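Colleague: For the record, in the sequence shown the residue sitting at position 71 is 71 according to full-length UniProt numbering, with numbers rising by one throughout.
It is worth saying that the hints were derived from the structure and are not from the lab.
In this text, all values refer to a predicted model and were calculated from it rather than measured experimentally.
The beta carbon of each residue, even a glycine, is placed where N, CA and C say it ideally should be.
For each label pair, taking beta carbons as the anchor points, the in silico distance ranges come out as:
#1 S15 - P78: 23 to 33 Å
#2 I3 - F81: 10 to 20 Å
#3 L102 - L21: 17 to 27 Å
#4 G99 - L11: 24 to 34 Å
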Amino acid sequence: MIICFHDVDMLPSPSLAPQYLRAMPRDEEEEGSDGIDRDKGGAVRVLSAGGCRYDADGCFGGVTLYDRRALDNTNGYPNGFWGWGGEDNAQFARCARAGVLLERVRGCDFEDTEGAEARSVSRRFPYDPVGAVKAVP
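My request is simple: use the sequences and hints to build the entire structure.
Modeller: Laid out in structure tokens, this is it:
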């Protein structure tokens with residue numbers, strides 16, 4: 001199972017489907033000579049957009065894909081953040097503490113819509129499936 005977290009302002013190119021769907025990385029050795037299970041933390045894949053604000057080694061966020069073990073071992077994203085920013089840095093620290101294997105895929109093709117007018121973006125996506133959902137009392 002792969003669980004994906006995605007910033008709402010990062011629109012992926014259809015060419016990225018293989019990055020979303022391929023198996024998560026695993027350490028070649030299940031257990032090292034020192035007896036430590038090197039795969040116990042799970043894995044996270046960070047899709048790094050080329051040439052924009054997410055194109056840096058220190059950046060963790062935008063689009064992150066977790067295997068179940070990594071998400072369980074980090075206890076998911078923190079709930080204490082409101083608004084924009086900070087949650088990705090906190091989650092990166094959780095991944096480091098849990099020993100999660102990090103794979104960074106560089107040069108991914110995204111349209112970064114941060115700052116774009118909502119009207120121009122909404123014209124590109126006229127059907128909103130969330131609008132079809134009915135609330136249950």
